[in-house]
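*Asks:* In case you want the letters, here they are:
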Amino acid sequence: MSTYYFVIVGHNDNPIYEREFSTANKEQRKEDQRHLSQFIAHAALDLVDEHKWKTANMQLKSIDRFNQWFVSAFITASQIRFIIVHDNKNDEGIKNFFNEMYDTYIKHSMNAFYKINTPIKSAMFEKKSDIFGRKYLLS
Amino acid sequence: MRATVAGAQSHAPSVEPVMSRLDYEQNALHHSCLLVLLRGVGPSRARILQRAFEKVRRVNNIKVTDSSGVVRTIYFRFIHEHPVEHNDWGDFQTHRRLLGLITIGKFENQTELNELCRHHESLKVRYGGTLYESRAIFFGPDAASSESLAIQNKAGITTVDNAQADGNTDLVVLKETQHPLAATRLQDEFTTPSNFKSQAFFYREQDNCIDLETRVSDFLNALFWVLESRRLERSRERAEKVSLLLAPFEKRDFVGLDMESRNNRKRCVGRVMKNLADLSLQAGLLDDALSLYHNANETLRSVGDSLWVGASEEGLCAASAVILYPQMREIETLHRNASLQETGTSPLRNTPEKWRASDATKKINTPANCADAITSNSSSCSSVSSLLTNNSSASGTPTTSSSSSTSTISATPFGHQRNGELPGNILKPEEITNYYRKAIINYSKYRHAATIETEAALKATRICIEQNRPLDVAMFLQNILYINLSLSEAERVKRFEIMTELYQQIGYQRKAAFFQRLAALKHVQQGSQAPDWTQSYRLMLGSFTGYLLSLDPLEVLENAAGWPALQIDLAQNLITAARRLGQSALATRHMTFLLQTQWDNMTATEQSEMAVQLQNLSAQCEGSPVPLVLDNGTVIPPANLTDLPYCMEMVVKDLPAHLRPQRIKIAKADSGPFLFTPIHFNSVDRRDKKKDKNKIAFLWVQNDLSEVCVRLRNPLPFELAVTDMRLLSNGVVFESLPQTVILQPHVPTNVALHGTPIETGQLDLQGYSTHTLGVKSNCRLKHMRGRHLPPNYLVDVIPALPRISVKTSLPQTATFSNMNKSDIVVTSASLTLYNGESSSCTITIQNESNTLPLEHLEVNINSNVEQELQKKMFRIDEQALQAQLPVAPQGTLEFVVDIYAEADFVCPMPPGSLNTSADYGPSSMPHYASISTSGHASLPVGISSPQHRRQDLQHVTARSTIAAAQHSLAALNLQPGGADGSSSLRPQQLTQHIEAQLRLKYSGGEALVAGYCRQCAVSLNLELIPSAQITSWDVLPAEIPSQFYLVLDISNLTAQEMSLNYTENKNILIEAKESCRVPIPVDRCSLEQVCAARAAEVAENLERELCFRTQLLSFSDALSKLCSTHIAERVKINWLLTGTDIQGVASLRGIVLSHGMVDLTTVSPLEWSISFQDTLVQPHSEIVATVGQRAQLSINLTNQSLQPLKNLVLTVKFYQDYLNGMENYNLETRVAISGPNRITIPVLEKQAQTQHNCSVIFFTPGRFKTSIECVTKPQTQQKNSIPGSGSGATNPTSQLETMSTSSFDEQQAHTWKFIPPIEVTVVEQ
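These protein sequence lines are chains A and B, in that order.
Position 90 (the first sequence) corresponds to 90 in UniProt numbering; numbering is contiguous.
Position 936 (the second sequence) corresponds to 936 in UniProt numbering; numbering is contiguous.
FYI, nobody ran anything at the bench for these hints, they're computed from the structure.
Watch out, some of these pointers could steer you wrong.
With beta-carbon atoms standing in for the labels, derived distance ranges [claimed, not checked]:
| id | chain 1 | residue 1 | chain 2 | residue 2 | range |
| --- | --- | --- | --- | --- | --- |
| 1 | A | Ile116 | B | His788 | 20 to 30 Å |
| 2 | A | His108 | B | Asn820 | 21 to 31 Å |
| 3 | B | Pro748 | A | Gln68 | 50 to 60 Å |
| 4 | A | Leu138 | B | Glu491 | 35 to 45 Å |
| 5 | B | Asp724 | A | Gln68 | 53 to 63 Å |
| 6 | B | Asp724 | A | Ile106 | 29 to 39 Å |
| 7 | B | His788 | A | Ser78 | 27 to 37 Å |
| 8 | A | Gln79 | B | His788 | 30 to 40 Å |
| 9 | A | Ile106 | B | Gly761 | 39 to 49 Å |
| 10 | A | Ile116 | B | Gly633 | 49 to 59 Å |
| 11 | B | Arg663 | A | Ala112 | 30 to 40 Å |
| 12 | A | Leu138 | B | Leu257 | 53 to 63 Å |
| 13 | B | Gly129 | A | Gln79 | 55 to 65 Å |
| 14 | B | Gly761 | A | Ser78 | 51 to 61 Å |
Where is the CB? At the ideal position from N, CA and C, for every residue including glycine.
The following block holds chain B by itself, in its conformation from the complex (with noise of 0.2 Å):
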């Protein structure tokens, strides 16, 4: 109620007597300092005179010692500036009273000089109500010889000082006495004008000014002086006689009121008391301004008179602080540096720590007053108990430790910390909170004290901070908020960064950033006049930490925390600052920061407008990744978008296989018999191995083009033009091909980045670099989150190898091979040949690179046929290609690859005639015949006429068999060849394909020592056309013993005339699609090879029963085989397809012959000897015998082998040959032997001789023949151990013999023939 009644009181409309400006810096300690206003005047601000403030600044206190002994320590404010009409409230609070005025200048001439002067002399005009005393200080010229400067230097210049303490000074003279050089002296070459009355003290611009804090020091103490005598004066007035004091605005309101009243005389009473008080205090008399305030609190609450008894309590307050908090005013002197440091560091690093962090530099910022240097570092640490104690006289030694953590030590009070007690009456921390409350409360009765209460409560927060009490920091604060002051804009502005500063102190960063980011909307608030952008930048930036933001993207998403719609917010509005002062690189590198930091707390419609905005801004000024420093000093880490184009995968590619480096390997050392050791020499290796999985397993190449595939994926719904992308890499010298890519909206497209490594050795593949939306990325593989990818790519890169190009001098073939390791053929060639075929192919090897020779080559050859085959196929002469290294840098060797078109011209034979040609051997022709035939009457429509072609080849047959033997040829004639062969033809008619590899690896420089080479292949494709075939085959004997005939169905399979050449001057000519029939003489097989055979064979399988293996081989197989070669290795058959040049060779490897034919093409181990009537039966002799005469047969047989034979069977048969295929055994009405026909030959041993006799008659006349054999009859088992043991017996030494012998004798069952069989002409008699 009263405080509306005062209000209404006070509501005078003429005055406006309430104060301009707010002072946010005043705390409660100012209330006992003397107000000095510091001044630099005139144009010059040169750097001489911002040291000479800092000299002036520092002295701001003196001690004095007054009458009583008692040493009072007295504080000086230095301000900057000084509204006049702040004086008007000097009686309220006499602290706000301006008692002091240096002035600092600079000057170079006389009329600078006295510009000086008047500068002086106007402010000592205007401050002149409340001015004490006044000082100036100049700095002239230097002086001419640095020389006399130093003397007076030296010197110093004394000056004639003790001020008279009224206030008044005359212009006084400065005198040099002691030193001779006065016509160096400044004050000597210029003089002041006769109108300025105050004392300057003049210095050269390079003077150390020793004297300057002395002659400061004296002018204070005359302040104090005048001070001390107006206390003095208050001091003495007596009560009835005082005025009343007064608050500007309040002046109307005691018009014609009866001040003689009692109420009014109180109010005098209280006020002059309220006066003297504050006097006191700045007088430096704590004690009597606490008693003073206390009573003049007591009687001004008695009147009601509110807003004096808030300034009493504000007093106590005040007083109060001082002794409890004297570290305080140390605060102030260093809060400038202290808010300059704030701004150079990252805002987010020092949010932990509160509010005094500088400790440091407050030591180091007054020197001089050890004392307090002390105190303040005390009460360092604030911020871990809120308890404050009064008389923790204990630690308030000056020794302690500046990080002592315990409870304020600030309480112990300045003046009294000798004694260790403080005033009965001072205010308890506690209750100094209350009393700002209550002071706030009555001054906030009256609307012109708003300036008052809002400092009040400033000044409260500030001794909340102090005390630590957070809250009551928070509510002060708040209160300001809701004191109603008419301000301007700018002054709303300080005020809500005055807040932020404190608030900051406090550490609560987000009510700090609250109040910037409203004092940075404020400065460029529409309406505006003149926007500050810059203020407001800073501001907002300086907000970032209270949204828990930090400059460092990768920072910002390492954190993840905060508010998301602020900080997107808060961003933009930075980027709309940074714009509009035209920093263009700022706001490019604040949109990149948003988008890469709030990517994901964004809508796709948001993401693409600020894509856009983004790409609108860097349009001006490009973005790239190095940091921006701003002018305070603040550094803008790069902002990268690493997730714009967003990455899903990066491949390191191997390079193409045909270039892909291999190790060259090196024939492993022979590590003596143990395979297995228990020490693993690489374990170290593999432990490496596991600990980098990011490590490559291909190498790259040194000077070779290397590929890396990422896949990109363009989140953004526009088309997104990647320009510049290129790899980013460490170690290894790396250059990369830039590669441009536009990205469709949300379609993974793979992009291949490429490039070269310069050097050998570890290359670290960390990202990518883009450029996109008009900014420059580095894209690195660890910023990129929520995706598994390593942190880097380790490649290891070998030394340069050379690179080939081969060429082959054969056509390219189509298609391509799908052998394995298909992916290293560089080139191909295809060729083909008639089975048998011989052609070469030349292969021409470049050597591509330009400084490497081609050291090394290895030629060898992969194909899918069998490795003998191959061989037999393809030939390279590896020494002939040796020789040909190394080869110069883009030179070019050559060879030749011989091709040899083998194949099987023998066709298999089907197993049933094996079978049935075992047991007998010519005999089994005409069953081979029948099988023929039923095979001939099935024959498929399809092969034109074969009985033409019978026809044919018998003609054929019959001019080639010139004296053959007649009737088993006629026998191999009913075989219908062109039936059997075409049937057992059908799948060799098919041409063969022949794929091969030819490989080459090759190497050469560093690469070949390091042990390196590359591989590439060319594809060699073959297509074997069937020539000549070998349909079917069997033996003949010979005319002589030596020799037999092979006979061979030979069918052209080509499609044109084939000669054919056989024998040595034996030619045939087989039409396309054909065959003929050929004899073939050979030598037999001798008895020594077979013994050979058989050997092995033993040898053989000895081996395999030592080996405890079951299946032995039998002898017909190993003596098959024999005879197999032996046909294989005499026989050639040269064609030539006529026409042409082509010609070939058909060998008859491979051939299978049966049992008979392996006894008709090995010599016989029986020799026969046979007579007819006593005449020897010679070969194909005409032998004539009568009707009805005996005839005596002779037959003789030797054992030309090796071992003896044993249970022969010689039988001699007669037949009739009707040459028609049809032989007639039943002739028992035509001839008759006499004596046996079979005759059993139990042994024959080597070279033992045998006889057997016997007579013949023939009834009849006619023509017979004589079938004489002898059979060998294989044995059972049992009978077969027997014999075996015996033999043994008798020849105990040689058990391998017995075991041939039984072997070859009794398991397989032999015939032997005479050939060609007698043939007895019987004639009548």
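Bound-form chain A, shown alone (with noise of 0.2 Å):
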């Protein structure tokens, strides 16, 4: 059984798109999971910031962890943050996931209608996330 929190973080701290991958039945203990994922995630950031001016790499690896928690990200080229939350080692998994939304992100950022640091409201987008986390995340 193994979860993922991905979240993509604005520049404002904001979360713009949240989601969650996981084997286990989804009714256990989600919300209080969901929530401390978050709070998990927040906290990461800080690394986040400080590693991603050290390393010309987008991929950041796993940077922070608390508990059983891992905290994997990625930066984008436009500084939004990509953040997943796992509790089981899937670094090549993980990087592929990354690189696949990066590329879905792109294309959604590009849509005119799209401002960027807002929420992204997308069915499209919320197929392909679900598409690469059951293919790089849940296999």
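Grab the two chains, each in its own frame, and use the hints to assemble them into the complex.
*Replies:* Next up, the structure:
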């Protein structure tokens, strides 16, 4: 059983897209879990911001952990932060997932009607993240 | 592998030698400090003790010159608590050993002193194992006289010191040698008990304790020397003989082991070496310490003594840090203060600054250590560069300014600063981290060393902070969490708080907030015995910064940053904490804050849930917009629910139209002939207007209730009661009235807010205040977002104006007029009048204001009729009105409006009839009659018995025309007046409605001076019912040439019998809806008037020509008008409705006269003098002629006019009048005229006479009539020019005369008749 909490964080520390992937049945402590994941992801932003200047890589790997949770991050060229809070190691999958999501995000942000830093509300985006989540994270 | 073994080994069941408490404050430099317990004893914790504590604390280092002449600086660490078991680790790390004890106490009497001594002694016993030396500081009661105290102070108390190095001091008797006033000395008054064997210092309470520092310093010196002796002892120990030093938990591990094995020997030596290194470090021998640590490290590593390897590594780090970062010593002393300051300021404000912001305070706190202070200054800015230089001696001079932002100069070691070189074996800054990491790994192999490990990690963290390596800080801190340490909950919380603090120091606000929140939650977690909500609340509030929240909702909304879900969670936790603390005001405030700031981030259900929660919270404590201050000084700014209810629109309303102030129009001063000036004097004003768009165009009046309309929407799904809504204003004093509304969900509601400006000037409307959900809010427009609302509205308030109420004497109307400006109508009056009737209306004005007089009143009337007509209809005595001013407060004024029902009594003439009657006077009548007869034939049946009426009319006419010209009237009689009248009457029959407004402009008091007034109006509705109507008219010659008869058909259009008075003494009664014909003798229009009219017309035409207007007035128009007015002036027909007192006057204004009529109306320019058979013919005289006999007819014409008459044609015709409308002109067989009957007279000069004679023979007897007339023929244009020029030649002086002559005579055909026709009765011979 593994859970992944994926969030895209905008420039003002505001989440613009949130998604959870889990192999566990959904109802179990979901709200609690999600809440904690949010806090962990938020706390990790400090480290993301520190790391992003230290490397030329967009993939920041696993940069933080709290108890059994790891935080992996990815930073886009426009400084949008992708963060995954997860409880088992899956570097390769996360890397691929980030790359695919980056692609999807870029495409979405090119929509003239999408304003940067605002929550993403798109069925297509949702669908894509679902597909990639299942493909790279839960497989 | 080694770790597991060691762990197994150390797993001793019985002993639990783990350190009970973590020292979270420890840093690397404490390794070099001597530990002193500073403890307050006794019950009293007076302020004086606090001062003493600080004094003692200030002496935290001493300088000692050792035997070799080297100056060593020895540092001390004062602590308040020290668990005894920590001393057990003294072998492992010597700085953990408690070496000194200072107690501070206050006593009032001997008993208390004894108690203090007992305390001191018991502490000594407790730490007896490690204690080198102790001191007691006692504060006694004040001396009786302050004088003696002063002396005592001056003298000081010299203590017998020279404490022995062996640690056990005898009771030192304090001798006072210098001063004879020994009686005042405390130690003489009170004596310490005999078992008190420590050295004590006595002070009075108010004593300045000048010598306290020196005494403490002496005490510390003593401690050092003991330590130094121990170090020397240790250093002289022989390697073979050293015993094994043990960490507390290791005791069991070595039981039964062969201590003499090579390995264990080495272990012993290594450990002793490490111990010596510790001592050297404490004794200020840094170089020695470093090399010893290195050696020990090597030795111990070779035997795999991981724990001690770790210790030696840590020692290395500590020794290096002491050299590299001496300024770190200062951090701890000011730490306390810094944290205090942090809570005091707004959290968001100091986020950008990193961890060492308070150097200034550092300096103040440690004035004693100047050198230290300077070095700490120089290290202040470490946020820019993380590069560390070891030997930045260049910048190491003490003069470096505190703001130098280059790399950390802190690398400059304190001790080696002077020669600028560091010991060769010192760890480089980046190595320190590695060594710490290694040490931690080593420690981690031992379960019981968890405390040591944690402390090491914290020390490492602090070093990394100093080095500005946040990632390493994060790494060490993170590691702390994974150290398996059995901690109490309180300790756990403490750990989180420390982590928070450390994260904050490196600027990781979000991380800090995370742990702060964890700590807050731990404080109150479920199952906790004593949940500490105060702490929880404090921490929660502290973590606001990390979540990008501010306490001020405005700031939060402004930033619009952060993670809403987390912010909401935090705010909710805060509310819970505040509620549990019983701080209802805070709970309400935070709930309001939550609703206000996170409204957009909540779902509709959440919104309503929160709203309900707020309602519940505010039931305990009402929220109001004032800042709340916490105990620690934090100010919680007010939170206003600006969008609950949601304001959609705010409209400032003008006063009601009738109360609206206006400018009193002042006649503009003549600004000269220039209408245009390029200089715009008001351009400045215009620019000003552009600047404030929120400026309201209209005015409000002082003391007048004013209104602002607010459109509100309730975004909640339940009814929202908003009470006590008031306008918020600035500027002039404004008294606003509370308003209460209940808003239905989602329905926009308009709410009118009222208030009264009390002063004059500019009023600044900023918004409104509400009281909803139990919270008072000030909703200012500038804080409302997402709407196009201006930040405020500015309204000018002018001085108070009086108010009036208006009453009329007439009944009010049900309907209001639809004239323009109908909004200012305050009352109405209606009146029904017959045309021509007069009436009056009394208007009463009451000044309603209590203070202001009515000083200015202007009345004018506005109506839907023409100005001229209006003047006739309404009349106001302006002077009488003005005479009544001013009207005192509450006074009244009355005036009368005279109303006259002016109407057209004359039917407009059909245009056709005008033409026909133009060419021939009375002859037009038959023609006229024929038209009307045809009209009569087509009359609708609805008209009642026209036949009968006609007969009646005829009858009446017969009666009324007594001696009038019979035949001409007979001709008139033929005209069926009723039929004709009714057809033209029909539009006239409708009643006429006239709407008028009596507009009153009034003012008074200061406003009048300022030039303002108010306007209200009385609506007057007049209904004009037709009364008498003149349906047709004609002009007949009268018996005398100076008069003519105006014959009128007058209809009574009322439903009542009408009595008509048409001349002075002639009355006639007309039945309802009937008409009658009356002749009225009227004086002819004199020639002078005609001339005047002509002259005026000529002048007019000249002017028109000058102005190149093509259309010239014809003289006939002017003349016709003249005649019309002439008649209208002279003829007034008074009517009276019989049986009532309703009466009126019908005027003939507007009567239209045909050309023929005009000739009759004016005095003829020709004077006839006709003689028949040499007798002058008198009017109506009988002339008898005989058949067959010649009769002489002589016609004499005189031109009476002022102009010559041209182209006259005189015609003489005989005819027979059958008196039935038929006239026979074919009398060739009956009469013959000798000579021409048509004579042309080319010119008849002014006052000239011409005569024409002829003879007449009648062949048959009978009655003959003679028509004698003179006709001027209109000339063609061509002809006109010739005589015109001719006359111009003859009389060149008067061009005007010529013009007028031509225009009068030649453009118009005129007929002048001799009236009445001569009647000749021809008889047989």
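*Asks:* Confirm or reject each hint.
*Replies:* Hint check:
1. Ile116/A <-> His788/B: 20 to 30 Å: Between Ile116/A and His788/B, where Cβ atoms are some 25 Å apart, the hint holds.
2. His108/A <-> Asn820/B: 21 to 31 Å: 60 Å Cβ-Cβ, so the 21 to 31 Å window is violated.
3. Pro748/B <-> Gln68/A: 50 to 60 Å: holds, 52 Å
4. Leu138/A <-> Glu491/B: 35 to 45 Å: For Glu491/B against Leu138/A, whose Cβ atoms are near 40 Å apart, the range 35 to 45 Å holds.
5. Asp724/B <-> Gln68/A: 53 to 63 Å: holds, 54 Å
6. Asp724/B <-> Ile106/A: 29 to 39 Å: Roughly 54 Å apart at Cβ, these two residues miss the hinted range, so it is violated.
7. His788/B <-> Ser78/A: 27 to 37 Å: At roughly 31 Å between Cβ atoms, Ser78/A and His788/B fall inside 27 to 37 Å, so the hint holds.
8. Gln79/A <-> His788/B: 30 to 40 Å: holds, 33 Å
9. Ile106/A <-> Gly761/B: 39 to 49 Å: Roughly 60 Å apart at Cβ, these two residues miss the hinted range, so it is violated.
10. Ile116/A <-> Gly633/B: 49 to 59 Å: This hint is violated: roughly 40 Å between Cβ atoms.
11. Arg663/B <-> Ala112/A: 30 to 40 Å: violated, 54 Å
12. Leu138/A <-> Leu257/B: 53 to 63 Å: Once the Cβ atoms are compared, 55 Å apart, the range 53 to 63 Å for Leu257/B and Leu138/A holds.
13. Gly129/B <-> Gln79/A: 55 to 65 Å: holds, 59 Å
14. Gly761/B <-> Ser78/A: 51 to 61 Å: holds, 53 Å
Comparing the model with each numbered hint stated earlier shows that hints 2, 6, 9, 10 and 11 do not hold.
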